[in-house]
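Fit chain B with the ligands to the supplied structure of chain A, relying on the hints for placement.
There are 2 protein chains.
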Amino acid sequence: LLLCYLTGAWSIPDPRHREALIQLEAFMQTGGQMVLTEAEQQLDALLFKMKQEETARAEFPPAVHFFKARDLIRTSPIFKLLQKMPKGGALHVHDFSMVDVDWLVQNVTYRPHCYMCGTDNQSVRFIFSAQTPRPLSHCSPWVLLENLRAKMVNSTDLDDRLGITHNLTLFTSRDPEVVYPTQDVVWEKFEQAFLAVWGLVTYAPVFRDYFYQGLTQFYVDNVMYLELRALLPEVYELDGSTHSRAWTLKTYQDVTRQFTTNHPDFLGVRVIATIHRGVNASVMAGAVEEAMELKKSFPDFMAGFDLVGREDRGRPLWYFRDALSLPAEKGITLPYFFHAGETDLEGTDVDQNLLDALLLNTSRIGHGFALLHHPVAKDLSRKKGVAVEVCPISNQVLKLVKDLRNHPAAALMSESHPVVISSDDPAMFGASGLSYDFYEAFVGFGGIKSHIGSLKQLAMNSIRYSSLESEQQEKALGLWQRRWQKFVSKWTFSK
Amino acid sequence: LLLCYLTGAWSIPDPRHREALIQLEAFMQTGGQMVLTEAEQQLDALLFKMKQEETARAEFPPAVHFFKARDLIRTSPIFKLLQKMPKGGALHVHDFSMVDVDWLVQNVTYRPHCYMCGTDNQSVRFIFSAQTPRPLSHCSPWVLLENLRAKMVNSTDLDDRLGITHNLTLFTSRDPEVVYPTQDVVWEKFEQAFLAVWGLVTYAPVFRDYFYQGLTQFYVDNVMYLELRALLPEVYELDGSTHSRAWTLKTYQDVTRQFTTNHPDFLGVRVIATIHRGVNASVMAGAVEEAMELKKSFPDFMAGFDLVGREDRGRPLWYFRDALSLPAEKGITLPYFFHAGETDLEGTDVDQNLLDALLLNTSRIGHGFALLHHPVAKDLSRKKGVAVEVCPISNQVLKLVKDLRNHPAAALMSESHPVVISSDDPAMFGASGLSYDFYEAFVGFGGIKSHIGSLKQLAMNSIRYSSLESEQQEKALGLWQRRWQKFVSKWTFSK
Ligand SMILES: [Zn+2]
Ligand SMILES: [Zn+2]
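Protein chains in written order, with this note's numbering: chain A, 149 to 643; chain B, 149 to 643.
Note that these hints are calculated values from the structure, not bench results. Computed from a predicted model, the values in this text were never measured in an experiment. Among these hints, one or two may not hold up.
For chains that are exact copies, the list does not tell them apart, and a pair is met inside one copy or across any two.
[As the list claims (entries may be wrong)] Derived pair list, reagent style DSSO-like, types lysine-lysine, alpha-carbon separation capped at 30 Å:
1) K444 with K299
2) K478 with K398
3) K232 with K199
4) K550 with K638
5) K199 with K550
6) K216 with K550
7) K531 with K443
8) K299 with K398
9) K216 with K199
10) K197 with K443
11) K232 with K638
12) K634 with K623
13) K623 with K532
Okay, chain A solo, but in the shape it has when bound (with noise of 0.2 Å):
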């Protein structure tokens, strides 16, 4: 087929040669061979309507930094549709920022025996205690919450102006190119965010709701299905007691359940358990042998394994090649799903690891911004089937790319390599479910060329590549192609 328009030397160039041209590079991106039916041929005539108009507004919403499109992007007709459009699975989301910060500072840190302090370093920490914690190093004396807001008139003020909120997120109304100037800067905001929510979510009444009420944000955004990036704590009680590993897997089994006899439209959820890429190789080996055996507990509900952390600042994968060699060598089934090439670094062993993540057969990558830097890890991806997970919005906030035409997933789908779309940690970056990151792919990588097919075929992807088996992605599909045509039919007879 590619080597076919090579007709060697012309002269005048003939029209039809330039369209059959025209035709083969539309039918080589992502969602160019989907046969549409005529209701979706007229929701597609409308999407391209609304892209020109949104093409033509003062402001382009994929080139501005997120922050200050968000607004932009809340007013557009297109993100309005892609809110209601089934989207399938979310496949790359962790476990501690699905849920937007303003649930956190209303549900969860008016609760009683909520304690804070001020760290060093201008952060916050967070305990839920029956008495006064033991004191905190680098951090001000434990206060309870409900103690210094009843001395307040305002505690909505308080909120603020104790930088509660501002602490559990990156978002903010200011300039994001002068809060956070360079990468360190905003990755060590994002590891104290992190921080300052973990004494909130890891308290066992939290951790239950806040799963919860995660998967309802998914759940509303039209999302059927999440695999969640978890580092599986040992969560806590009020008397300081804390449960195991297990536990806690079984308890988001436990909440998955729940959730999905609420909502039987719900497919479910399956857990990749993560640790942080800064530990050394005996605790990598460590953690390896736990996912073995908790793979072994939970087959259906635990998909797999993976490294998160700065990938710059983290040891690269080959570093730990002995521990992750390890369910090969047992025999034992551990699929990964790495995280790889969210990196600018081009060259430096950490830039290695896309290759490494795919020689450790990998199920799919997490990121693969560096992907086209790597023309035989780009390869092997695309003959291999391992998926790119690309979360728009999380690189251009982590500042590994401005304007998002620029997002190395364009030129992916515009050949159609196998990729899905996700929100990485919506919550952190003032987002939520998977729309926003939807419509920064639709609208900024496809720009008036992307239509209704390559909607539909990364909503496919994210059950073509999920960590599903076979047969219950059949399911899956049959379930999203039902409510894929309801909304199709609705939105059509609606204009």
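Okay, now just chain B with the ligands, sitting in the frame of chain A:
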């Protein structure tokens, strides 16, 4: 080669297999197949150390806007090395942005009979005239600069305060993000600066001197050959009389001969006649006819034809297909060197220029910034050996990309796509010659992984993909090779 590494499913990665894939990827990049001499390997080791130091700097220059990065780059040892390096030819340079602005101010505006007026939109216009010129609409009355300067205490001050200097270039020491917030603003300023320069450089005595000075600046930057995109204006004399386009082309030839006589190791110049893409179809047809005539009259000096001006606002190539098919219809050779894909308006009519340039049998592609979004065009460009003229600083200043590590040419060079590096309009951007753009390409596109072989390949590409006949190319390569060897041995001995 590309298929042999797919060895099916494996379990524990084999370090030799990994090493082979890493080598394969290194082999695939631009210059990856170069066999290096011992001296080159020594220089490469030095370069590698320099690169590591460059990456460790607080600010990484390719990630910073060139206006702010220029001082950083000037202090870089890599830049100093690149200045000395014989870079081959500059294949994408425009006629009236070759010479730095200070030269224009100091050597041109101080000449007698130089009049200036200030336009309604804060720009300036110039004209040389024996008597007071006729008033220009939307411009203040003409003032003779020597009269104005005679009244000033400090004439340098006048150059700055009257805005002479800053009106002739985009370069500014103020924050470029503030001065040029959008593509529209920066392109408007670009066009105004171009019009301001116009009256100075189309005055016959200046025209000659400017071109000679332009050649000098490229020559001292160790560029040995130039292909000039030239509008071939009707150059004027002090009495207001004007010359024909043929005269202009002939003058370029004469100045080139004079320059090569004075600098026998400079290979020469070829001219690509250009016209603004804002014209209509019949004007274009006339321009193509005229270009065919000129090509007949100057078969060796005239290289071909191109369209200039902002692609996003101009007419697409396909609109001009009849005019551009004239040479083929008449069986006359008029090579094309089309600007194409200097856009982020994906999926629009303008975005088809890349494919159409190739269908119209272009010899090279100017910019090709959008090429990664067009897999068919990309494949055609590769298979037909149509090189992409990559101008990194131009694309950054004109706001197509911020962090040059995300420039699409980084991906193209990862797979050895035919590219050359050029500087487009160096004077507009505060650059000069090719070294700044080579710096961005070498350090920014390649990261740690590009090496002396990449540089060698880029220099050789600039001869290989020039419009020179194959015998001339052989001669040029031989000359370059000798200078290269001298450069390598000098550099390795001096360390
Ligand atoms: Zn992630
Ligand atoms: Zn140009």
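Hints, one by one, checked against the model:
no.	hint	in the structure
1	K444 with K299	neither (52 Å within a copy, 91 Å between copies)
2	K478 with K398	within (25 Å within a copy, 78 Å between copies)
3	K232 with K199	within (17 Å within a copy, 49 Å between copies)
4	K550 with K638	neither (36 Å within a copy, 41 Å between copies)
5	K199 with K550	both (21 Å within a copy, 24 Å between copies)
6	K216 with K550	both (12 Å within a copy, 17 Å between copies)
7	K531 with K443	within (27 Å within a copy, 49 Å between copies)
8	K299 with K398	neither (40 Å within a copy, 87 Å between copies)
9	K216 with K199	within (20 Å within a copy, 35 Å between copies)
10	K197 with K443	neither (48 Å within a copy, 45 Å between copies)
11	K232 with K638	within (10 Å within a copy, 67 Å between copies)
12	K634 with K623	within (17 Å within a copy, 69 Å between copies)
13	K623 with K532	within (24 Å within a copy, 47 Å between copies)
Going down the numbered hints, you'll see the structure goes against 1, 4, 8, 10, while the others check out.
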